[in-house]
Every structure is written in C-alpha cells, then in structure tokens.
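*Asks:* From first to last, the protein sequence lines are chains A and B.
The first sequence finishes on residue 253 if you use my numbering, and the numbering steps up by one all the way, no holes.
The second sequence finishes on residue 620 if you use my numbering, and the numbering steps up by one all the way, no holes.
Heads up, some of the hints might be wrong.
Only pairs whose alpha carbons sit at most 30 Å apart, straight line, appear in this in silico BS3-like list of lysine-lysine [said to hold, decoys possible]:
hint: 1; chain 1: A; residue 1: 2; chain 2: B; residue 2: 337
hint: 2; chain 1: A; residue 1: 192; chain 2: B; residue 2: 143
hint: 3; chain 1: B; residue 1: 344; chain 2: A; residue 2: 70
hint: 4; chain 1: B; residue 1: 337; chain 2: A; residue 2: 156
hint: 5; chain 1: B; residue 1: 287; chain 2: A; residue 2: 192
hint: 6; chain 1: B; residue 1: 243; chain 2: A; residue 2: 192
hint: 7; chain 1: B; residue 1: 469; chain 2: A; residue 2: 200
hint: 8; chain 1: A; residue 1: 192; chain 2: B; residue 2: 551
hint: 9; chain 1: B; residue 1: 494; chain 2: A; residue 2: 192
hint: 10; chain 1: B; residue 1: 469; chain 2: A; residue 2: 158
hint: 11; chain 1: A; residue 1: 192; chain 2: B; residue 2: 469
So, partial list: chain A residues that the calculated Cβ filter (under 8 Å) puts toward chain B [claimed, not checked]:
hint: 12; residue: 21
hint: 13; residue: 174
hint: 14; residue: 192
hint: 15; residue: 193
Counterexamples of contact, computed for chain B against chain A with all Cβ distances above 10 Å [said to hold, decoys possible]:
hint: 16; residue: 163
hint: 17; residue: 337
hint: 18; residue: 346
hint: 19; residue: 359
Hints were generated in silico from the structure; no laboratory data involved.
Using N, Cα and C, we set each Cβ at its ideal position, and we do this for glycine too.
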Amino acid sequence: MKIAVLIKQVPGSDSSLPIQNDASWINEEAITYVMNESDNYALEEALQIREQNGNGEVVVISLGPDRVQKVIREGLAKGADRGIQINVDSVGAVDPLVNASLIADAIKEEKFDIVFSGLQSDDLGMGQTGIILGEMLGMSTASLVMETEISDGRIKVKRELEAGYFQWVTMDLPSSITIQSGLNTPRYPSLKGIMGAKKKEINVLTPEVGQSKQSMEKVYIPQSDKQTVMIDGSADQIVEKLVETFRNDIKVI
Amino acid sequence: MAKFQFTGIEQSILAITIIITLGSFIYEVWRRLRIVLKGRDSLPFDHFGARAWRVFKEVFLHEKVIKDRFWPGLMHALVFWGFIVFGLVTIDHFAIGFGHPLMNEQVHRYYSYIVIPFSIFVLFGIGSLTYRRFISRPKALGKISPTSGLVAFFISVLMITYLLGETDLDPMVWRINWWIHSLIILAFLFLIPRSKHLHLVLSPINIFFKPFQLPEHTAVNIDLEGSEDELDTMLSDLTQMTKNQTLDVFSCVECGRCIDVCPANRGGGLLDPKNHFILDLREPLLKKGNVDVLSEINVEAGWECTTCQACTEVCPVGNHVEKSDEIRRLEVLVEGKVPQEYQKLFMNLQESGNTEGRSDSPLAERLPTYTPDKEYVLWLGCFARYELDPNFTKSVENFANILDVAGITYGVLQKEHCSGDPANRLGDKLTYNMLREHNMELLKEATKVVTLCPHCALNLEKEYSKYSKVNYDVSHHTQVIAELIEEGRIEVKKGSNGKVTYHDPCNLSRMLDEVDAPRVAINAATDDFFELEESGRNTLCCGAGGGLWWKKETKGRTHLVRAEQVVDSSADTVVTGCNFCYGMMNQGLKPLTPEGRSEIQVKDVADIVVENMVSKTHSK
Ligand code: SF4
Ligand code: SF4
C-alpha cells in the first residue's frame, strides 16, 4: 500500500498575524508556522494503515517555500518514509485548482493507492485541494472522513454529515480522502524518529506555476464594533421589537 | 543467666541453625545489594557530616517518623530503641548457649535493669502498632499484611520469653524458654530480607544517601549530531535506575505516608506513589536481577503526578519517591506517546519559545528592558508574560513598583523564552534543552536574576546547572522583598486585610527551601496571620505543578483539594508566592465558596506588600 499525505504548513493559531503593507497577504516573516491540524490526523491515519499492513510506504508532500521542509521533517520524524517538497514561492494566495494541479503533476507517476489530506487548511479553509486532486488523477474521493477500513482493494469510510448523521461509503482504490480531525490519536516524534528523519530523502521539485483563477483582493483584520440599542415600552412591545430585531437586523432567528 | 550447660548435641543443632539462617540472611541481602550496585551513577558521599547528622536525627531520634504520625511514630520509636538495647542481650543469649556468656552475673543483672523496662516499652509499642494495623486499619497501610502479623507475634514472644528468662524458672522450663527465644530470633532473621522488614537494615543506609536536592532526576543530554549507537545507549540508559533509586525500592517499609500526602491521590486520581513509583519495581528488579525496569512504571499514573515532592519529603526511610520524570521521558523520547494537549504545548515551545504559541507580550513591552548596567534581570516566565491569569499582571507591576521605590534597577529580557519547566517536568528533554540553551545565551551577561515564578527560579539555577555551569544568582521575588523590608529600604506598615494566610508553593518551599522570606513580607503587612494546617515544607500542591496546568482533564479533583482547604479555613485573604498557585486559587476558590461566605481574596506577596507600603511610585 502506497500512501501519500498532503501536509500544509499554516500559521500557528496563537501567532500574531501582521498584514503586509499592500494588504495582499500576511507578513510571513513574522509568523510561527505549524503543521495544519487535520493534516496531522491524516498523517497518523496513513502511518497506522502502514503499520497494520506490515508493509507499504507513506510519503509526505508539501507545497511551499523552503520553510515547509520543517513540516516534512516532522512527518518523517513521526515515521513517514520520504518527502516531496513542491517548491513554490508562497501558497497563500494560490487557489486550490492551481495547488491540486501542481500536486497532480508531481505525483501522477507514483501511482499512490491512497492520498490522505486534512479536511481543510486552518488558514484559508477552502477544503478543496484533496478532492480536486482526486478528480485529476481519476481516483475515488471522499471528504470529512472519520474512520477508514481497508479490505480487498477497497476502502470503506465513515463520513460526517450534518446534524450528527454519518454515512458509510465503500469505494474502489485508488482514492483521495480528506480527513476530519479527531479520528485517531496522533503520535509525537520520538528521538529515534527525529534522528532517523535526517537520513530520509526529501525530493524537491520546482515546477512552473500556472495562472491562478483566483486572486486575493484584500487581507484585513475584521473590525468588531459594539452597538447598544435601548428598547422602551411595555413587556409585549419589547418582546415584539426584540423578535423583529433578531429576525431582520441581526438575522439570528 | 544459664542455669546449666547445654549438651553437645544441642550446641551442634544451634550452630547449624545459626549458620543456615545467617547464611540465608546474608545471601538475600547480598542478592539485593548486588542489584543496587548495578544501578547508574554512584552513591553520594559528599557532605559527609550533614549526612551522618541526618542519620542520627532520622534513625536514632526517629524525628521524622514521630513528627508525621505522632502516636504510631512514638510507638515505633519505642520498638526501635528496644531493639538497640536488645542488641547486646541477643548476642549474650547465644553466647550462653555455647557456654561462654559475655556478661558475668553482676553485669547481666545491672543491664537487665535497663532491658526489662525497654522490653515492656516494646511490648506496649508493638501492641499498639498491631492494634492500628489489624483493627483500626488506616487506608494508607493497604491490605492486611500477614508478615506484619507474624513479626508482631515474633517480637511479643521474644519480649515475653526474655522476661520469663529473667525470673526464677525451673531449669527445664528455662531451657525450653531459651530455645523458643533462640528459634524466634533465627526465624526473624530469616524473614527480614524477604519482607519490608529489610528496612531495619537498609533504611539507615538509604537515609544517609538520600539526595539533598529536590527533585533529583538525572540530566538527559541529547546529542542529535551523535551516532545511532550513541543514541541507542542514551535511550537504554533512560530505562536504568540509579543506585540510589534501586536502594529506595528495597528500603520501602510500605507505610503509605507517601499516599497520604499525594495531591493526585487525595483528589481521587489513580496515582498511588507507594505502589506505582516504588513497590511495582521490586518484583521486576528481583526477577531480572538488573536495573533496566523503569518502563514498568504505570504510565497513566505517571501523567497524573504534579511533581510536588510531598511524597519524597515525607518518606521516613529516605526514598526519593516521585518518578514521574522517569516514566514521562520514556513515553516522550522513546515511545512518542504524548497526550494531545501536551503535544500542542511542546509545539508551542518549539515554534515560539513560549507555552502559549504567542509572538508578543504587552507586559514585557511595557516594562524596562534589561541592559548589563542594571542590577537585576526581571525574569517574567510565560505565566506572567502571556497573562495566563490576567489578574497576575498587576502582581508583576506591584513587584516592579517595589523595586522602583527601593531604587533597584532592573529590566526584562524581550527575547526571554520559557524556562523550560513544563517541558522538563513533562519529559520532553529535547525541547527543554533547546529552551535552556537559548536562555543561557540570553543570560550570558546577567549576574542577578529575580523572578516571581518559583518554577522558573528552580529551573534557571538548579536545574540548568545539572547541564552546564550557571554564572548568575537567581532569587525569588519574595526573597528580595523580605530583604528590602529587613534593610529598611521599603517601609511597610501593618494594614487590615482580615485574616491572612499563606499557601506555600511546592517549588518554593520544598524545592528551593524557602519558607521564611514570604512570611517576613506578609507579617510586615498584617498582624492577623495564621498558618494553614499543611504549611511550610509540608504544604499541599495547588494542583498545577508538573505541567498539569495545561492538562485538559484530570480524573480526580487534584486541582481543587487545596482550594477547598483554604475555603474551609477562616481566611479572608490567601497570599501565595507562585503565579500558578495564584491562578489555581483564583479558579478554585470562587466556585467552592459556599453561599454566605464572603469571597476570599487571592494575593501575591508583592500585592499585599504594595497595598501596605508607605511610599509608592507609579510603575513605569
Ligand atoms: S510528587 Fe506529589 S503528586 Fe507526584 S506522587 Fe509524589 S506526592 Fe503525588
Ligand atoms: S516510599 Fe516511603 S513513604 Fe512511601 S510507603 Fe515506602 S517507606 Fe512509606
């Protein structure tokens, strides 16, 4: 079983987010980067499948400038076999279609049985790259997966639907699957893993980046403001006014 | 005194039984000591005088045993002193058997005037201890131990046969009585090394070697550039016990005092230090005949420990009980099994150098920056820097105010990273070393460091110096404050704060051995101070130590036990000397305060001092 795990490096959730002067993106220099949370679970799922099978290969793939080597190393330290860095300047403003085709080009020869990725990135949260990639490579796809079972060349997955419902789907391999956080217990890199990771190979590819269909118009920090409205009148009038405000102005009911 | 000669056959039987039991005794003790000697590191002989003095106090005077549990302790002391007095009697007893008594009739009589009262003390002592063990049965003693019953029986019979032997018995009866006494001594000798009664032999030695510093865990040096073999050796070292730790395991007398004081256990957790950190290792050591058994420690229990060292402090036989460090570092460094919340914490520490993953600290930016011309580095620590309890910011500013008033120059390090305490205590020694190296570089030019966080204070000085030489002195802010008050450099008058008490932080009282300075400061500011029942070095942990501040859920209520005690006391104000204790008190007191009881104020020592300080300036 050959498994690819797509890992994105994203700003840490408590890091400050200074915005570039031209408001086109955040200032990447001033940020602490970490592994995208759901990608961490995707990696763990891949490692567990390999361990259960007793053989196979787990390859971590990340798209971005040299800083992303850090998350690739982290994946290798946790037990992935090798890494691929698709070296592009910044992934911040690139759209999922471009990302997916860069990855598709990089791995189509590899013939992975499974591609795991996190359900969405914690920075842009588009949630599409894994699915588009699956389409491009002619794989079956499933999103929001909370459990996986592999048998006889097929994969059975539990998907999270709305309102507490779940769906079990069985699909043919190869398959591209996006993973929901919390489906397993990710490990921590052991010392042996960290040492071993140094000897593992990271293949750096430098592709041509295609034309983006999307562009970032403006990045800004949302302004929150407080408004206080006094409602006078009898109890009935107040309730009526409240309901109207909730329904029409704040739109919460 | 012998009334007749023993026959040759009797003497031969006696000689053979003595050889067999003594031989087996020596063999069993040797078997254990051999395992002890296989342990890592060497047994310490430094501070010889202090060690010997400690043996005198704790063994011969039974100071600790009596202090902690007065009546049973005193009863135990009676039995112990009786044993010492009986030493000579016992040797003489066997010498009589061989027809060569050591004491002549007159000496024997005079000595018996001492021994007879002692034998009655011993009977009384052992009687009360038996009552306690088998009838009142406190929980800490665990399940009924048949050997304890047997030993009580042996000791009673020894005393009774001794007393009978001193009376005017018919020679035949005297002879039988003599034999019973002999056989029981030999049976006792047989039993000692096979039971917890080995503490008779080992505890004086163990108390001699007990570490002076708390906590004592070996430093873990990690060389990521080293070879694979070196790494393997280092990892396998992590499973090996030290000589001192191994000696602890065989010395334990199973009294359960360590369980009684354990905050995790008292809060309803699973952790039971007597079994998890000591007795669970005894069988594996004996079975393997080797010391690579640390992985036998219960992992879940290990994660519950607050590393407060109450267990180590209380142990009467000198054990360093706590071993959460040993099991946690195995889990982290070897197994890579780390609870998710701690993985997040470690990642934050690695990526941003602080526990919260933050990149800026408004408080640090507000305070003056350290330059080498200033006297003190004011070390903030993550708790203060990132406002883990926003109220504590005021306490830091109050301390800065005190320094300003006293005309002391200080500054913070803008690039300060976490001292590494949580990583250190949670077993991530790799991250710890990374933080330590960063901070050592920052502190290169510093000579004096002061901090409000006892965890930082302990790490910056004592823990760092396990790895490399530290060239600065670290004080806790309460020490600086107490000094300023005593020197008259700040003036504090007694104000009205209601009834004031003080919660001793574990890291300050037990690890840094500072219980006086905070009291000097508090007593300058109030005349209505009272002590909590568990105070000073016998304090009870607030529940946040050992990285538990960041733990999402605990099984028990470790975090509430101490706050509950404060609520139950008559305090109007509780003062603490640690930011974590401060935070825990703030979180715990409010929900625990019953209706009608006015809310207890939580203050840092700096707060109560500034509130009652005569001249004040505004902090910059
Ligand atoms: S260090 Fe404290 S929490 Fe840990 S076992 Fe000892 S008494 Fe219990
Ligand atoms: S470790 Fe010490 S305190 Fe705990 S049971 Fe053993 S002898 Fe008693």
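*Asks:* Hey, does the residue 193/A contact hint survive, CB to chain B under 8 Å?
*Replies:* holds (6 Å)
*Asks:* Against the 30 Å threshold, does the CA-CA distance of residue 192/A and residue 551/B hold or violate the hint?
*Replies:* holds (26 Å)
*Asks:* Given the hint that residue 494/B pairs with residue 192/A, test it: the Cα-Cα distance must not exceed 30 Å.
*Replies:* Outside the cut-off at roughly 59 Å; violated.
*Asks:* Verify that the Cβ of residue 337/B lies farther than 10 Å from every Cβ atom of chain A, and report whether the claim holds or is violated.
*Replies:* violated (7 Å)
*Asks:* Regarding the hint that residue 192/A lies at the interface with chain B, is the smallest CB-CB distance below 8 Å?
*Replies:* holds (7 Å)
*Asks:* Given residue 21/A was flagged as interface, is its beta-carbon under 8 Å from a beta-carbon of chain B?
*Replies:* violated (19 Å)
*Asks:* Take the shortest C-beta to C-beta distance between residue 174/A and chain B; is it under 8 Å?
*Replies:* For residue 174/A, the interface hint is violated, since the closest Cβ of chain B sits about 29 Å away, which is over 8 Å.
*Asks:* Are the Cα positions of residue 192/A and residue 469/B separated by 30 Å at most?
*Replies:* Satisfied, since the Cα-Cα distance of roughly 28 Å is no more than 30 Å.
*Asks:* Grab the minimum beta-carbon distance between residue 163/B and chain A and tell me whether it stays above 10 Å.
*Replies:* Residue 163/B clear of chain A: closest Cβ-Cβ about 64 Å, beyond 10 Å.
*Asks:* Can you confirm whether the C-alpha distance between residue 192/A and residue 143/B stays at or below 30 Å?
*Replies:* Violated, at roughly 42 Å.
*Asks:* Taking 10 Å as the cut and beta carbons as the points, is residue 359/B off the interface with chain A?
*Replies:* violated (5 Å)
*Asks:* Has the given pair, residue 337/B with residue 156/A, been kept, meaning a C-alpha gap of at most 30 Å?
*Replies:* Holds, because 28 Å separates the two Cα atoms, which is no more than 30 Å.
Hints 2, 7, 9, 10, 12, 13, 17, 18 and 19, counting from the list given before, are not met by this structure.
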